[in-house]
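Undergrad: Please model the complete structure; the sequences and the hints are all you need to start from.
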Amino acid sequence: MKTIRTDKGFTLVEIMIVVAIIGLLAAIAIPNLLRARINSNESAVQGDLRAFSTAAESFRAAAQPPSYAANFAALTTAAPAYLDATWIDNAVKHGHTIAYAAGAAANGVISTYTLTGTARANEANNGYCIDHTGVLRVRVGVAAPTVAGGACTDPAVQ
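1257 is the number that this note's numbering gives to position 151 of the sequence shown; each next residue is one higher, with no gaps.
Don't take each hint at face value.
[What the hints assert, rightly or not] Label-pair restraints from in silico Cβ distances: (1) Val-1246 x Lys-1199: 43 to 49 Å; (2) Leu-1130 x Thr-1252: 41 to 47 Å; (3) Leu-1139 x Ala-1179: 35 to 41 Å; (4) Glu-1120 x Ala-1250: 52 to 58 Å; (5) Asn-1213 x Ala-1179: 18 to 24 Å; (6) Arg-1141 x Asn-1177: 18 to 24 Å; (7) Ala-1167 x Asn-1213: 16 to 22 Å; (8) Val-1119 x Ala-1250: 51 to 57 Å; (9) Gln-1264 x Leu-1118: 53 to 59 Å; (10) Val-1241 x Ser-1146: 20 to 26 Å; (11) Val-1241 x Asn-1213: 24 to 30 Å; (12) Ala-1185 x Ala-1133: 52 to 58 Å; (13) Glu-1163 x Asp-1195: 18 to 24 Å.
Read the hints as simulated data drawn from the structure, not as lab findings.
Just so we're clear, the structure is a prediction, and the values are computed from it rather than from any experiment.
Quick reminder that beta carbons are idealized off the backbone N, C-alpha and C, glycines included.
TA: Written out as structure tokens, the structure is:
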């Protein structure tokens, strides 16, 4: 007579094999997911800086006499607002610390500005800068973008 085994469940070896397979898949997938997040942060901050440049030019065109905003508040509290309320100095947007600097006012007119996005470690690879010329510039690495004389001096984004 044959006995039928009634034990049900997984053995320790089977469970260990499954855990090893899951660990292997995670070791392959996680670095790719982190790279994708960094790439999306880079693209998003470039779009944000370009949107800011458009808002700054719109503000300047509407101002009499034509002048750039002295700070983020001038762009976020206008009616209608040129930017949403998330734009504040030293805010973190898409893995970058954002900083705005208006040029010196001459006769009440601000004719230059710079907006920098400094990359934060493990969140982004490059820093970006845009100024009154509207040219987006990149600083490779997590160092702050280079600004001299009220203008960005790093190479332009291709």
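Undergrad: The structure should be examined with respect to each hint, and the outcome stated for every one.
TA: So, going through the hints one by one against the coordinates:
1. In this structure the hint that Val-1246 and Lys-1199 lie 43 to 49 Å apart at CB is violated, the actual value being about 19 Å.
2. Range check, Leu-1130 to Thr-1252: about 43 Å between beta-carbon atoms, so the 41 to 47 Å window is met.
3. Separated by about 37 Å at the C-beta atoms, Leu-1139 and Ala-1179 satisfy the suggested range of 35 to 41 Å.
4. Hint check: Glu-1120 to Ala-1250, Cβ distance near 53 Å, so the stated range 52 to 58 Å holds.
5. Separation of Asn-1213 from Ala-1179 is about 22 Å and conforms to the stated range, judged on CB atoms against 18 to 24 Å.
6. For Arg-1141 paired with Asn-1177, a C-beta distance near 35 Å fails the hint of 18 to 24 Å.
7. A C-beta distance of roughly 19 Å is found between Ala-1167 and Asn-1213, which places it inside the suggested range of 16 to 22 Å.
8. Between Val-1119 and Ala-1250 the beta carbon distance is about 54 Å. The supplied range of 51 to 57 Å therefore holds.
9. Remark: the range hint 53 to 59 Å for Gln-1264 to Leu-1118 is upheld by a beta-carbon distance near 56 Å.
10. For the hinted restraint 20 to 26 Å between Val-1241 and Ser-1146, the CB-CB distance of approximately 23 Å keeps it satisfied.
11. The hinted window of 24 to 30 Å between Val-1241 and Asn-1213 holds, with their beta carbons roughly 26 Å apart.
12. Evaluation of the 52 to 58 Å hint for Ala-1185 and Ala-1133 yields a pass: the beta carbon distance comes to about 53 Å.
13. The hinted window of 18 to 24 Å between Glu-1163 and Asp-1195 holds, with their beta carbons roughly 20 Å apart.
Checked against the numbered hints listed earlier, the structure breaks hints 1 and 6; every other hint is satisfied.
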